[in-house]
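Engineer: So you can see what is in the structure, the chains are spelled out below.
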Amino acid sequence: MSEVVVTSSPFLAVAGHCGPEIRSDLQVLLQPRERGGLEIEIESRVDIYYGDSIRRQAEEVLEALGVRHARVEIHDEGALPFVIAARIEAAARRAGLGVGTRVLPDRLALPDPSARDRMRRSRLYVPGSEPKYFINAALHGSDGIILDLEDSVHVGEKDAARLLVRNALRAIEFLGCERMVRINQIPLGLEDLDEIVPESPDLILIPKVESSEHIIEADRRIAEIKSDYGITRPIWLMPILESALGIENAFSIAKASPQIVALTIGLEDYTADLGVVKTLTGNESLYARQRVVNAARAAGVQAIDSVFGDVGDLEGLRAWALNSRALGFEGMGCVHPMQIPVIHEAFAPSAAEIERARKIVAAYDEAQEKGLGVVSLGSKMIDPPVVQRALKLMARAKAMGLVS
Amino acid sequence: MPILEKIEIILNAVGRNVPETVNGRPQVAYMGVGKYQPVGRKAATPIRTAADYPANGDKRVTNLETALRKCGLRDGMVISSHHHLRDGDRVALMALEGASLIGVKDLTWFPSASFPSQRSAIALMEAGIIDHIEGSMNGPLGDYCTQGKMRGMGVLRSHGGRWQAIQDGEVHIDVAVIAAPTADPFGNCDGSHGKSACGSLGFALADSIYADHVIVVTDNLVPFPCVPWQIQGNNVDYVVEVDSIGDPAKIVSGSTQITRSPDRLRIAEFIARFLRDAGIMRNGFSFQAGSGGIALAFVSYLKQMMKQAGVKARFVRGGSTKYLVELLEEGLTDYILDGQTFDLDGVRSIGSNPRHVATSPFTSYNYHGKGNFASMLDAVVLGATEVDTNFNANVVTHSDGRLLHGIGGWQNCLASGCTILAVPSFRDRIPVIVDEVTTLCGPGELIDVVATERGIAINPRRQDLIDTLKGSTLPIRPIEDIKKEVERICGGKPRRARRSDKPVAIVKWVDGTVLDTVWQIA
Numbered sequence: 001m002s003e004v005v006v007t008s009s010p011f012l013a014v015a016g017h018c019g020p021e022i023r024s025d026l027q028v029l030l031q032p033r034e035r036g037g038l039e040i041e042i043e044s045r046v047d048i049y050y051g052d053s054i055r056r057q058a059e060e061v062l063e064a065l066g067v068r069h070a071r072v073e074i075h076d077e078g079a080l081p082f083v084i085a086a087r088i089e090a091a092a093r094r095a096g097l098g099v100g101t102r103v104l105p106d107r108l109a110l111p112d113p114s115a116r117d118r119m120r121r122s123r124l125y126v127p128g129s130e131p132k133y134f135i136n137a138a139l140h141g142s143d144g145i146i147l148d149l150e151d152s153v154h155v156g157e158k159d160a161a162r163l164l165v166r167n168a169l170r171a172i173e174f175l176g177c178e179r180m181v182r183i184n185q186i187p188l189g190l191e192d193l194d195e196i197v198p199e200s201p202d203l204i205l206i207p208k209v210e211s212s213e214h215i216i217e218a219d220r221r222i223a224e225i226k227s228d229y230g231i232t233r234p235i236w237l238m239p240i241l242e243s244a245l246g247i248e249n250a251f252s253i254a255k256a257s258p259q260i261v262a263l264t265i266g267l268e269d270y271t272a273d274l275g276v277v278k279t280l281t282g283n284e285s286l287y288a289r290q291r292v293v294n295a296a297r298a299a300g301v302q303a304i305d306s307v308f309g310d311v312g313d314l315e316g317l318r319a320w321a322l323n324s325r326a327l328g329f330e331g332m333g334c335v336h337p338m339q340i341p342v343i344h345e346a347f348a349p350s351a352a353e354i355e356r357a358r359k360i361v362a363a364y365d366e367a368q369e370k371g372l373g374v375v376s377l378g379s380k381m382i383d384p385p386v387v388q389r390a391l392k393l394m395a396r397a398k399a400m401g402l403v404s
Numbered sequence: 001m002p003i004l005e006k007i008e009i010i011l012n013a014v015g016r017n018v019p020e021t022v023n024g025r026p027q028v029a030y031m032g033v034g035k036y037q038p039v040g041r042k043a044a045t046p047i048r049t050a051a052d053y054p055a056n057g058d059k060r061v062t063n064l065e066t067a068l069r070k071c072g073l074r075d076g077m078v079i080s081s082h083h084h085l086r087d088g089d090r091v092a093l094m095a096l097e098g099a100s101l102i103g104v105k106d107l108t109w110f111p112s113a114s115f116p117s118q119r120s121a122i123a124l125m126e127a128g129i130i131d132h133i134e135g136s137m138n139g140p141l142g143d144y145c146t147q148g149k150m151r152g153m154g155v156l157r158s159h160g161g162r163w164q165a166i167q168d169g170e171v172h173i174d175v176a177v178i179a180a181p182t183a184d185p186f187g188n189c190d191g192s193h194g195k196s197a198c199g200s201l202g203f204a205l206a207d208s209i210y211a212d213h214v215i216v217v218t219d220n221l222v223p224f225p226c227v228p229w230q231i232q233g234n235n236v237d238y239v240v241e242v243d244s245i246g247d248p249a250k251i252v253s254g255s256t257q258i259t260r261s262p263d264r265l266r267i268a269e270f271i272a273r274f275l276r277d278a279g280i281m282r283n284g285f286s287f288q289a290g291s292g293g294i295a296l297a298f299v300s301y302l303k304q305m306m307k308q309a310g311v312k313a314r315f316v317r318g319g320s321t322k323y324l325v326e327l328l329e330e331g332l333t334d335y336i337l338d339g340q341t342f343d344l345d346g347v348r349s350i351g352s353n354p355r356h357v358a359t360s361p362f363t364s365y366n367y368h369g370k371g372n373f374a375s376m377l378d379a380v381v382l383g384a385t386e387v388d389t390n391f392n393a394n395v396v397t398h399s400d401g402r403l404l405h406g407i408g409g410w411q412n413c414l415a416s417g418c419t420i421l422a423v424p425s426f427r428d429r430i431p432v433i434v435d436e437v438t439t440l441c442g443p444g445e446l447i448d449v450v451a452t453e454r455g456i457a458i459n460p461r462r463q464d465l466i467d468t469l470k471g472s473t474l475p476i477r478p479i480e481d482i483k484k485e486v487e488r489i490c491g492g493k494p495r496r497a498r499r500s501d502k503p504v505a506i507v508k509w510v511d512g513t514v515l516d517t518v519w520q521i522a
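Going down the list, the protein sequences come from chains B and P.
Here the first sequence stands for residues 1 to 404, numbered as in the working numbering.
Here the second sequence stands for residues 1 to 522, numbered as in the working numbering.
One or more of the hints may lead you astray.
As the list claims (entries may be wrong) - A few chain P residues that face chain B, going by a derived Cβ cut-off under 7 Å, partial list only:
(1) Ala44
(2) Ile47
(3) Pro248
(4) Asp263
(5) Asp400
(6) Arg402
(7) Glu453
(8) Gly455
(9) Glu487
(10) Arg495
(11) Ala497
Please keep in mind that the hints were generated in silico from the structure rather than gathered at the bench.
Idealized CB from N, CA, C, for every residue including glycine.
Extracted from the complex, chain B is given alone in its bound form:
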């Protein structure tokens, strides 16, 4: 795209959104010109408080991008500085200027790298072109936040969303949440990686994966960028299987890279591929979901379920999530923060389960102490896999803060 723009005469480029309904965003109109320096006009909802600061920032960003002569119009709806920087950069790039330059907001200290097997009960999707949802997303306590560049971003906004998400990874406090990005399907997704990987997200979701080739390609690109930027911390992968073919190849996909920590499924696309209707009980996708669980388990990674789309139906969500857990999934996606506590509750072991596991573990410990090969509880003999399951359940309950 940029090659075309550079050779054509300078033209007006627009990025971002404004209007009475828009919050925390801005629109930038940038008209390159031959001479006359920078002329910046600002109209802002917060002009009296931050008008000067917006102007200073605009000048800094344009200078860093090497934009010397342009007329710039900013219509601001109370955007935060990292959004302002991203929108100005997007407009400049769309005008064919500043290509290849990264203008980065200050970076908060990176949190500790995320552990391969950390809890991933809930991951909250946030549309990558809607900055108003980014700012407080982490407050709601999901295990992960996904800044989404794929389905929630219009095809014409991919370039701008990429910059916004990149800046958000630097400027937003993710608190305890795993910092995730869903890139676009490979090969478009490879362009996303160029902007995203230098900011060390904890995990990248790769959508619509149908074969291990997709993963290998993404993996290679990530490794290159990491090495260019000297990044050593892990960036995990979570492939999303969204087609019949993807499901058939589930195991080879799960094994395609050592960076893969979880396998998940996208039910909207999957049911569309089958030509069936997605229902509340999910019978039509039972096979696919069990296949994902089995393949993930076989590959030693987590199995994570799809999202539940009806935000208003929390009871339906609860039923779905309980069933997911029963099938062997360890978590699911969220499309609204209201879903997070429901999902956490559903994926938590019940008090009765914890009590039973505690007894089994106690019996196991006792048997170990006495040097007995057979663990028994009351009059019942406990098989080794039952002990293993109880140990796992107690560890999980502990991670969820249900037992001390």
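On the provided structure of chain B, position chain P as indicated by the hints.
Structural biologist: Chain P alone, transformed into the frame defined by chain B:
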């Protein structure tokens, strides 16, 4: 009005600059909570005789203009109206336009609150028919005032402060015009029935008692007696029948909706948990919450917790909505003591359930009385536009100095046992926790808790609450801490808005003293 005279500005007890006289009337500067001792006797209306009123009780006249003429409306008088029909009200403008037809000038309009639909009052101010407004101003009327275009100075009072000003004689109402969803020819009025039903008529009660002349305007005239009556016909001079007193769609909402904003839900849940963990939520407790999105969600969270804990309230106070009505109907509270009624469920309930009781600013809020209900509340949840690190809060102006909201019952509710402000930590990049509030409406010593989506700050004066909440899982943080975090997110402290040195309105405290000044914006 003596608009050109120089206004002396003095410092009040909390260091705010306030005018010594307002619209020619000397003022008492704020002295501190509970410091001002009123003296003297209450105001009263002239003695009337039944000989001057129709023995058959029929006080009807043909139209409002005639009624205003018969009341002797003259230049410079005070005419009052009420906001129980909210943004759907047609009667206040009908009265002001009636005054304009008569040709009087320089009126003081004394509404219990004004609404955006009454913006045509600006034309009446331009024409000199209205000199100034004493009552809440927001939207276009607020802008008109803060741009310095109103000739006289605005006076902002709480609902309780309005009653206090009337009974203490600070405001003498010449003509009160009361919109009545149901009335009889004698002037008895009821708000809970009729096509324009709104619930309580409490805001008009003081006017009916203390005004020299009282006109009732109704679109649902019933033969005597109108039962139950909230306004007594014995105080009423004239009754006018019209086709419509208001737009029912804007009087009450069909159904009030809980917010879906995750941040607001989070604040609401924090507050419910706070009441639970602080031990305030216990058998026989009481609370007040309004009709805002956070307040509704708060009630819904608290309801679940009350059910879980098997706890029942003795009374709750509205603005009532279906969420309070549900508490009543499910036996989770013995009573709703209702100041105003916001939705159809509220109207249905107050009109049919004897445990859903209409109150007035006298019973609920008046500070110059022998106590009031607000101070008996265990907890109240309020909003604010700004709050400072000393917990002083603003509810009338935005940080840019423009009038945005009325005070309503807000100041009066600060007397509750635990006053909680529910505020987002920033709006449109503008931090809500500031160094100093633009306009002081509530002294920090009365504000106990500030709940934001990033954490809850407890006023250091409430060591008891801090101690009780020690073991709670709630994110309790110093207010300075939240402020710093938000300033970092917003890219630094906002620049303070410039203002002129011309006062355009004053904020009264509940005792009638002047707490702060609203200045013309620069």
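Engineer: Does the closest beta carbon of chain B sit nearer than 7 Å to the beta carbon of P/Ile47?
Structural biologist: It is violated, given that the least Cβ distance between P/Ile47 and chain B is near 55 Å, above 7 Å.
Engineer: Holds or violated: the hint that P/Asp263 contacts chain B, with Cβ atoms closer than 7 Å.
Structural biologist: Given a least distance of 5 Å, the restraint on P/Asp263 holds.
Engineer: Let's test the interface hint: is any C-beta of chain B closer than 7 Å to that of P/Glu487?
Structural biologist: violated, 11 Å
Engineer: Does P/Ala497 pass the interface check with chain B, least Cβ-Cβ distance below 7 Å?
Structural biologist: Interface hint status for P/Ala497: holds (5 Å vs cutoff 7 Å).
Engineer: For the hint on P/Gly455, does the least C-beta distance to chain B fall short of 7 Å?
Structural biologist: violated, 9 Å
Engineer: Please check whether P/Glu453 passes as an interface residue: C-beta within 7 Å of a C-beta belonging to chain B.
Structural biologist: With a minimum Cβ separation of about 6 Å from chain B (threshold 7 Å), the hint on P/Glu453 holds.
Engineer: Hint check: is the beta carbon of P/Arg495 less than 7 Å from a beta carbon of chain B?
Structural biologist: Holds. Min distance 5 Å.
Engineer: Does P/Pro248 pass the interface check with chain B, least Cβ-Cβ distance below 7 Å?
Structural biologist: Hint violated; P/Pro248 Cβ to chain B Cβ min 27 Å, cut 7 Å.
Engineer: Taking the least C-beta to C-beta distance, is P/Arg402 closer than 7 Å to chain B?
Structural biologist: violated, 10 Å
Engineer: Double-check P/Ala44 for me: the hint is only fine if its C-beta lies closer than 7 Å to a C-beta in chain B.
Structural biologist: With a closest approach of 48 Å, the P/Ala44 hint is violated.
Engineer: With 7 Å as the cut and Cβ atoms as the points, is P/Asp400 at the interface with chain B?
Structural biologist: holds, 6 Å
In terms of the numbered hints stated before, the structure departs from hints 1, 2, 3, 6, 8, 9, listed from lowest to highest.
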